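For the protein sequence lines, the chains are A and B, in the order given. Going by the working numbering, the first sequence opens with residue 1, and the numbers climb by one from there. Going by the working numbering, the second sequence opens with residue 1001, and the numbers climb by one from there.
Careful, some of the hints might be misleading.
Which stretches of chain B does chain A cover? Using the computed rule of at least three CB atoms under 8 Å from a CB of chain A, they are [unchecked claim]:
(1) 1016-1026
(2) 1030-1036
(3) 1039-1049
Simulated pairs of lysine to any residue, SDA-like, Cα-Cα distance not exceeding 20 Å [what the hints assert, rightly or not]:
(4) A:K83 - A:L177
(5) A:K83 - A:R113
(6) B:K1016 - B:K1083
(7) B:K1044 - A:N112
(8) B:K1040 - A:E123
(9) B:K1044 - A:H82
(10) B:K1040 - A:R113
(11) B:K1040 - A:A121
(12) B:K1083 - B:I1007
(13) A:K146 - B:P1047
(14) B:K1044 - A:H141
(15) B:K1021 - B:D1003
(16) B:K1098 - B:V1080
(17) B:K1040 - A:E119
(18) A:K146 - A:R162
(19) B:K1016 - A:S125
(20) A:K146 - A:E156
(21) B:K1016 - A:R113
(22) A:K146 - B:S1049
Hint data in this document are derived by calculation from the structure and do not stem from the laboratory. Computed from a predicted structure; not experimentally measured. Glycine is no exception: its CB is placed at the ideal position from the N, C-alpha and C atoms.
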Amino acid sequence: MKAFKIVLVATAGVVLVLLSVVFLQPDRLGFWNKNWGNLASVAGLVLSFLATMFAANASKAAGEARDSVLSRTLEEEITAGHKSVSELTTLIEIKQLQLAAIKCSDLLDVPNRLRIRWEHALETSSKNKWIEAREQLDSIHTVLRKAGTGELGAEEVENVHRACVQVRTVFAEEQALVRRSKDRGHNG
Amino acid sequence: MVDERTIALVEEVLEKTKARKLNWQATARPGVFIAAMGGKYMIKISPGSYPYDETYVLTLQEGDDVLLKCTAESTSDPLVLDKLHDLIHNQVLRVDEKNKSIDQAISVLKNL
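Excised from the complex, chain A in its bound form (with noise of 0.2 Å):
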């Protein structure tokens, strides 16, 4: 909006300057019929460097527009992963391993699917955490599937609720560095 504002004034002025050198000099058929192809050109010139600045602040707009819906769905995708990860640390916590274990699965891919959608947005050391996490649900998953409706003896439950907490603190992680990385945009 404010790129169009400065093309409207620039053209505005471009055609006063125009037509103040055209109508106040004297013998102004004279100069214009000597100038018209110079004035002209230098009016073109202006016009065109305004189109481009223009179009240059429009497309600057639309990728930061495309930024923050992508860290938006990014964050949001974290946020319900983030979300069922501490649902399945609870269900260990209270024993329902058969529940967990159907939780898990529906978990096993969520890693798998950011890391590789949002390969470009991407750190290393995040699609790192991500490898691992998918993982470590993965060593979740076959604990909780052996186990099937038995119980799991003391050290296994404390390695399984570990594992889950690691996998939680990547998604905790993951999700903090978005919103710092979106806080940064906004501020920046």
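Fit chain B to the known structure of chain A by using the hints.
Chain B in isolation, oriented as in the chain A frame:
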């Protein structure tokens, strides 16, 4: 059968583990440790598949694809994977640091 790539991988993993450049993590499965690197690879060390097999298997994965599986037979030193597993186990569970703290506590007790 000894394999050059396996030897190179094991040596590099051992060296980087000693230098604490790999972020090893314990998993929910006993004795299984993992470390991701380069944003696409994962190294996993786990106990052998057979009940009476006491050696370990080092696996290099890209996503779910297993790129390389190293066993004691495919390395030049049959005990290298045991050493690597012990090293990782001690690092992840901070065994050395805990032992140091225990020694300090014992010396405090002695001086009471």
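Checked hints:
{"no.": "1", "hint": "1016-1026", "result": "holds (count 3)"}
{"no.": "2", "hint": "1030-1036", "result": "holds (count 5)"}
{"no.": "3", "hint": "1039-1049", "result": "holds (count 5)"}
{"no.": "4", "hint": "A:K83 - A:L177", "result": "17 Å, holds"}
{"no.": "5", "hint": "A:K83 - A:R113", "result": "16 Å, holds"}
{"no.": "6", "hint": "B:K1016 - B:K1083", "result": "14 Å, holds"}
{"no.": "7", "hint": "B:K1044 - A:N112", "result": "17 Å, holds"}
{"no.": "8", "hint": "B:K1040 - A:E123", "result": "11 Å, holds"}
{"no.": "9", "hint": "B:K1044 - A:H82", "result": "25 Å, violated"}
{"no.": "10", "hint": "B:K1040 - A:R113", "result": "13 Å, holds"}
{"no.": "11", "hint": "B:K1040 - A:A121", "result": "14 Å, holds"}
{"no.": "12", "hint": "B:K1083 - B:I1007", "result": "14 Å, holds"}
{"no.": "13", "hint": "A:K146 - B:P1047", "result": "17 Å, holds"}
{"no.": "14", "hint": "B:K1044 - A:H141", "result": "17 Å, holds"}
{"no.": "15", "hint": "B:K1021 - B:D1003", "result": "25 Å, violated"}
{"no.": "16", "hint": "B:K1098 - B:V1080", "result": "25 Å, violated"}
{"no.": "17", "hint": "B:K1040 - A:E119", "result": "10 Å, holds"}
{"no.": "18", "hint": "A:K146 - A:R162", "result": "18 Å, holds"}
{"no.": "19", "hint": "B:K1016 - A:S125", "result": "17 Å, holds"}
{"no.": "20", "hint": "A:K146 - A:E156", "result": "11 Å, holds"}
{"no.": "21", "hint": "B:K1016 - A:R113", "result": "29 Å, violated"}
{"no.": "22", "hint": "A:K146 - B:S1049", "result": "15 Å, holds"}
Taken one by one, the earlier hints fail for this structure at numbers 9, 15, 16, 21, listed in ascending order.
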